[in-house]
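Turn these sequences into a full structure, and let the hints guide you.
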Amino acid sequence: MIINHQKCIACGNCVAVCPMNAIYVDTKINRANIDDDACVECGTCYRGMSTENLNPRFARTIRKIAKSLRFRMEPEPDVCPTSAIEMNELEMPRLVRQIFSDPVVEHTSTGIKGRGTEEVKTNDVRLRVDTGEVGYTIEFGRPGVGVRFSDIQKMTRTLANLGVTFEKNNPVNHLLTDVKKGDLRADILNEKILSAIVEIKTDINMVEKILLTVREVNRDIDTVTAVGISTRCGEDGEDNILGPLLEKLGYSNFRAKTNMGLGRITNKVSFTKTEGQIK
Amino acid sequence: MTNTLHRYGNAISFRDDYILFAIPSKGINDEDCIPKLKEFLRICSRHSPVNMGNGNRSSLAPEKGLSPTVHWKRIAVKDWQSVIEGVEKPGTVSAVFSSKENAEACMKEIVAADLGFSINMSTSVENAKKAAEASNIKRHSVEYSLGFNDPHDHLPDSKVLALSTMCGHGMVSFNMAKKMIEMVREGRRSSEDAANTLVRFCPCGIYNSDRAKRILDETIGKTK
Chain A
1 MIINHQKCIA CGNCVAVCPM NAIYVDTKIN RANIDDDACV ECGTCYRGMS TENLNPRFAR
61 TIRKIAKSLR FRMEPEPDVC PTSAIEMNEL EMPRLVRQIF SDPVVEHTST GIKGRGTEEV
121 KTNDVRLRVD TGEVGYTIEF GRPGVGVRFS DIQKMTRTLA NLGVTFEKNN PVNHLLTDVK
181 KGDLRADILN EKILSAIVEI KTDINMVEKI LLTVREVNRD IDTVTAVGIS TRCGEDGEDN
241 ILGPLLEKLG YSNFRAKTNM GLGRITNKVS FTKTEGQIK
Chain B
1 MTNTLHRYGN AISFRDDYIL FAIPSKGIND EDCIPKLKEF LRICSRHSPV NMGNGNRSSL
61 APEKGLSPTV HWKRIAVKDW QSVIEGVEKP GTVSAVFSSK ENAEACMKEI VAADLGFSIN
121 MSTSVENAKK AAEASNIKRH SVEYSLGFND PHDHLPDSKV LALSTMCGHG MVSFNMAKKM
181 IEMVREGRRS SEDAANTLVR FCPCGIYNSD RAKRILDETI GKTK
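The listed protein sequences derive, respectively, from chains A and B.
FYI, the numbering for the first sequence is 1 to 279, going by this note's numbering.
FYI, the numbering for the second sequence is 1 to 224, going by this note's numbering.
One thing to keep in mind: the hints can contain errors.
Said to hold, decoys possible - Derived pair list, reagent style DMTMM-like, types lysine to aspartate or glutamate, alpha-carbon separation capped at 20 Å: (1) B:LYS64 to A:GLU74; (2) B:LYS130 to A:GLU235; (3) B:LYS138 to A:ASP130; (4) A:LYS268 to B:ASP114; (5) B:LYS138 to A:GLU235; (6) B:LYS129 to A:GLU238; (7) A:LYS7 to B:GLU63; (8) B:LYS129 to A:GLU247; (9) B:LYS130 to A:ASP236; (10) A:LYS268 to B:GLU31; (11) B:LYS108 to A:ASP236; (12) B:LYS73 to A:GLU76; (13) A:LYS209 to B:GLU182; (14) B:LYS64 to B:ASP79; (15) B:LYS64 to A:GLU86; (16) B:LYS129 to A:GLU235; (17) B:LYS178 to B:ASP157; (18) B:LYS178 to A:GLU76; (19) B:LYS138 to A:GLU238; (20) A:LYS154 to B:ASP150; (21) B:LYS130 to A:GLU238; (22) A:LYS201 to A:ASP222; (23) A:LYS248 to B:GLU126; (24) B:LYS26 to A:GLU106; (25) B:LYS159 to B:GLU182; (26) B:LYS26 to B:GLU88; (27) B:LYS129 to A:ASP236; (28) B:LYS78 to A:GLU106; (29) B:LYS64 to A:GLU76; (30) B:LYS178 to A:GLU74; (31) A:LYS268 to B:GLU182; (32) B:LYS159 to B:GLU31; (33) B:LYS178 to B:ASP217; (34) B:LYS73 to A:GLU238; (35) B:LYS138 to A:ASP236; (36) B:LYS89 to A:GLU106; (37) A:LYS201 to A:GLU106.
Claimed, not checked - Below, a sample of chain A positions facing chain B; criterion: calculated Cβ distance under 7 Å: (38) ASN123; (39) VAL125; (40) ARG232.
Hints in this document: simulated from the structure, not taken from any laboratory.
Source: prediction; values computed, not measured.
For each residue, glycine too, the CB sits at the ideal point set by N, CA and C.
Here it is as structure tokens:
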């Protein structure tokens, strides 16, 4: 992401918009700037802001006059008045920032937008997590903190050591060079992204161990994590195993995504309902 | 994808937060699915949603090339039709409701329509259970949010967090949420305008403008 200094009038609107605090107004040149190391190429400033096409010279003059009279020019808070934010062409390894941070960019590895897979949202037709199994989504960096792949690797290495099953179709999995060790590609380790989700699966007996491990590893990595944990309900539509276990472990699991079980095969030729997993 | 799981709040705070989404699965129920995805959204649009999205745009999207007159008058119109007509390829489509009645009525109609997609509801565990019971269906799977681990104290206060996490991809920054709280507190924006400003940053269309308005009002002590 770049800010076109020919157009920028240093109104500062984009400063608050950036989820990573990467934009600032450089008072020496009176233009907004982007800290390239902090920027995760999420596109919030470029795509999320509305724009006007004010003449920059005219807008600067108005701002100078207003400033001298101690008036405050207050553009709409989500508007870039001169369309000064532009998207530049990215190459690897920096491109990985955009792939993991910008939700409208499709992951070429999974064919879907976003940072995870379908998790249990399509479990009624794919049976990714069956009875007695538990699926986990471990998200790093969101909200508002970001994470480097080197920190994610600390988690993947620890989890791999516990013998978990990584979800094959997850975008992070495609960056693992050694699934058994949990090693990620060396060229991306220093790249910062807005968030990434590691997805694993275990049997029910591992729940306490996994959750404790995530907390322990999180202490060593300077970011936030959020864990989603899923299971298949019984024939009666009730979860009598995982929910009660989580309560016993002290988690207040009141927010959930619930698969209502309405999916079915409608294609004339369909694939098998279960997807392969990498052990 | 939509990423609605980790919204910040307690169970009661989700009383006005119901997200329904339909997901076609590649190789299973994605053949000729575009008309059915549009039908899902059409059904949702009849039950007073507060937002809808098709993966590419939400019902209240950023506007490009605005006239400077928006400084004095800006009208926010949620455009359901563009979301429905904008479904071009298989992918997640979603709708957000701020009342139990609307969400459950919509769910019933979706069950009757038998579209064949996986249908999910993101809200509190209890809300979703009641919606399933009201539609006489049994839940298949459930994914619980265990909240945020923040051992390094990065996260802001609960109101900012509640506003920010309604975009599950993190496109609503803490600073923008704080700015809207301040603008409402200082009387420079109405809570409705501030909520709509935040909605525009969420490209998937899952930001709940009614809940945001309520949180903003609560923050300045207007309602409890």
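Hints, verified against the model:
A hinted pair counts as satisfied when its Cα atoms are at most 20 Å apart, and LYS64 (chain B) with GLU74 (chain A) qualifies at roughly 18 Å. The suggested pairing of LYS130 (chain B) with GLU235 (chain A) holds, with an alpha-carbon distance near 17 Å, which does not exceed 20 Å. In summary, the hint linking LYS138 (chain B) to ASP130 (chain A) is supported, as the alpha carbons are separated by about 16 Å, within the 20 Å threshold. Taking the CA atoms of LYS268 (chain A) and ASP114 (chain B), the gap is about 17 Å. The hint holds against a cut of 20 Å.
Restraint check: the Cα-Cα separation between LYS138 (chain B) and GLU235 (chain A) comes to about 8 Å, which is no more than 20 Å; the hinted pair holds. As the CA atoms of LYS129 (chain B) and GLU238 (chain A) are separated by approximately 9 Å, the hinted pair is consistent with the 20 Å bound. Under the criterion of a C-alpha separation no larger than 20 Å, the hint pairing LYS7 (chain A) with GLU63 (chain B) is consistent with the structure, at around 18 Å. A hinted pair counts as satisfied when its Cα atoms are at most 20 Å apart, and LYS129 (chain B) with GLU247 (chain A) qualifies at roughly 17 Å.
Proposed proximity of LYS130 (chain B) and ASP236 (chain A) is supported: the alpha carbons are some 14 Å apart, at most 20 Å. The suggested pairing of LYS268 (chain A) with GLU31 (chain B) holds, with an alpha-carbon distance near 8 Å, which does not exceed 20 Å. In summary, the hint linking LYS108 (chain B) to ASP236 (chain A) is supported, as the alpha carbons are separated by about 19 Å, within the 20 Å threshold. A hinted pair counts as satisfied when its Cα atoms are at most 20 Å apart, and LYS73 (chain B) with GLU76 (chain A) qualifies at roughly 10 Å.
Distance restraint check for LYS209 (chain A) and GLU182 (chain B): the Cα-Cα separation of roughly 43 Å exceeds the 20 Å cut-off, and the hinted pair is therefore not satisfied. Of the pairs offered as hints, the one joining LYS64 (chain B) and ASP79 (chain B) holds, with about 16 Å between alpha carbons and a cut-off of 20 Å not exceeded. For the hint pairing LYS64 (chain B) with GLU86 (chain A), the CA-to-CA distance comes to about 13 Å; that is within 20 Å, so the pair holds. Distance check on the hinted pair: LYS129 (chain B) and GLU235 (chain A) sit about 14 Å apart at the alpha-carbon level, within 20 Å; holds.
Between LYS178 (chain B) and ASP157 (chain B), the direct Cα distance comes to roughly 10 Å. Compliance with the 20 Å bound is thereby established for this hinted pair. About 15 Å separates the Cα atoms of LYS178 (chain B) and GLU76 (chain A), which keeps this hinted pair within 20 Å; it holds. Only pairs whose Cα atoms come within 20 Å are accepted, and LYS138 (chain B) paired with GLU238 (chain A) is accepted, the gap being roughly 8 Å. A distance of roughly 17 Å separates the Cα atoms of LYS154 (chain A) and ASP150 (chain B); the hinted pair therefore holds under the 20 Å criterion.
Simply put, LYS130 (chain B) and GLU238 (chain A) have alpha-carbon atoms about 12 Å apart, close enough for the 20 Å limit, and the pair holds. For the hint pairing LYS201 (chain A) with ASP222 (chain A), the CA-to-CA distance comes to about 25 Å; that exceeds 20 Å, so the pair is violated. Proximity of LYS248 (chain A) to GLU126 (chain B) is assessed by CA-CA distance (about 18 Å); at most 20 Å being required, the pair is judged to hold. Between LYS26 (chain B) and GLU106 (chain A), the direct Cα distance comes to roughly 15 Å. Compliance with the 20 Å bound is thereby established for this hinted pair.
With a CA separation close to 12 Å, the supplied pair LYS159 (chain B) and GLU182 (chain B) stays within the 20 Å bound. A hinted pair counts as satisfied when its Cα atoms are at most 20 Å apart, and LYS26 (chain B) with GLU88 (chain B) qualifies at roughly 15 Å. Under the criterion of a C-alpha separation no larger than 20 Å, the hint pairing LYS129 (chain B) with ASP236 (chain A) is consistent with the structure, at around 12 Å. The straight-line distance between the Cα atoms of LYS78 (chain B) and GLU106 (chain A) is roughly 25 Å, outside the 20 Å bound, and the hint therefore fails.
At most 20 Å may separate the alpha-carbon atoms for a hinted pair to count; LYS64 (chain B) and GLU76 (chain A) meet this at roughly 13 Å. Straight-line distance between C-alpha atoms of LYS178 (chain B) and GLU74 (chain A) comes to about 17 Å, which keeps the hinted pair within the 20 Å bound. About 55 Å separates the Cα atoms of LYS268 (chain A) and GLU182 (chain B), which puts this hinted pair outside 20 Å; it is violated. With a C-alpha separation of about 43 Å, the suggested pair LYS159 (chain B) and GLU31 (chain B) falls outside the 20 Å cut-off, and the hint is violated.
Our distance criterion of 20 Å between C-alpha atoms is met by LYS178 (chain B) and ASP217 (chain B), whose separation comes to about 13 Å. With a C-alpha separation of about 51 Å, the suggested pairing of LYS73 (chain B) with GLU238 (chain A) is violated against the 20 Å cut-off. For the hint pairing LYS138 (chain B) with ASP236 (chain A), the CA-to-CA distance comes to about 6 Å; that is within 20 Å, so the pair holds. Distance restraint check for LYS89 (chain B) and GLU106 (chain A): the Cα-Cα separation of roughly 13 Å lies within the 20 Å cut-off, and the hinted pair is therefore satisfied.
A threshold of 20 Å between alpha carbons decides the hint, and for LYS201 (chain A) with GLU106 (chain A) the separation of about 24 Å lies outside it, so the pair is violated. Satisfaction of the interface hint for ASN123 (chain A) is found here, the shortest Cβ-Cβ separation to chain B being roughly 4 Å, below the 7 Å cut-off. Among the interface hints, the one on VAL125 (chain A) holds; its C-beta lies about 5 Å from the nearest C-beta in chain B, closer than the 7 Å criterion. Below 7 Å, beta-carbon pairs count as interface contacts, and ARG232 (chain A) has one with chain B at about 5 Å; its hint therefore holds.
Checked against the numbered hints given earlier, this structure breaks hints 13, 22, 28, 31, 32, 34, 37; the rest are met.
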